[in-house]
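Residue numbers (my numbering): 44 to 186.
Keep in mind that a hint or two might mislead.
As a list, the in silico DSSO-like pairs of lysine-lysine whose alpha-carbon atoms are at most 27 Å apart [unchecked claim]: (1) K69 to K162; (2) K99 to K69; (3) K150 to K99; (4) K150 to K162.
Hints are computed from structural coordinates only; laboratory data are not their basis.
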Amino acid sequence: MATLRVVLDTNVLLSGIAYPASVPGKILAAWRHGSVEVVLCTHILEELRRVLPRLKPRHGLNPAEIEDFVDILAIQAELIEPLPDVEPSLRDADDQPVLGALLAARKTSGADYLITGDKDLLALAARYSIVTPAQFWEAHAGL
44 MATLRVVLDT
54 NVLLSGIAYP
64 ASVPGKILAA
74 WRHGSVEVVL
84 CTHILEELRR
94 VLPRLKPRHG
104 LNPAEIEDFV
114 DILAIQAELI
124 EPLPDVEPSL
134 RDADDQPVLG
144 ALLAARKTSG
154 ADYLITGDKD
164 LLALAARYSI
174 VTPAQFWEAH
184 AGL
C-alpha cells in the first residue's frame with residue numbers, strides 16, 4: 044500500500060506538539076515513523092513560527108529551539124507552493140494558502156487529505172478531501 048500523503052494545518056501541528064498523546068500527536072508520531080508523508084507550505088510554517096512561542100508552557104522550547112524545530116519540519120516535509128485564491132467561498136481568507144497547498148499537492152504529487160481542526164476549512168469537506176484529525180485517525184488507525 045502506498046504511503047498516505049497529507050497536508051497538516053497549523054492547528055494540527057500545534058496540538059500534536061503541545062499534546063503528544065492526542066490524536067494530532069499520534070499523527071505526528073506516524074509522520075516521524077514514516078507511516079505518512081507530510082506536505083506543508085511556507086504559510087503553515089510561518090504561522091507555526093508565530094504561534095509556537097505562545098505555547099511555551101506546553102513544549103518548553105526557547106526561541107532558538109523553535110526556529111530549529113520549524114526548520115527541521117521544513118526539511119522533513121515536502122514544501123509546496125500553494126495554488127492562489129482557489130476558493131472564493133472560503134470564509135477566512137487566511138485559510139486560502141492552506142487549501143491551496145492541498146490542491147497544489149493533489150495536482151503535483153498527490154495528497155490524500157488536508158487534516159485540520161479549522162471549521163472554515165472543514166465546511167468545504169464535501170467538495171475537498173478535508174478531514175479532522177479524529178476522522179483521519181479513525182479511518183487509518185493502523186498506521
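A quick look at each hint next to the structure:
1. A C-alpha spacing of about 21 Å is found between K69 and K162, which places the hinted pair at or below 27 Å, so the restraint holds.
2. Restraint check: the Cα-Cα separation between K99 and K69 comes to about 20 Å, which is no more than 27 Å; the hinted pair holds.
3. About 36 Å separates the Cα atoms of K150 and K99, which puts this hinted pair outside 27 Å; it is violated.
4. Using a Cα cut-off of 27 Å, the hinted pair K150 and K162 holds, with the two alpha carbons roughly 24 Å apart.
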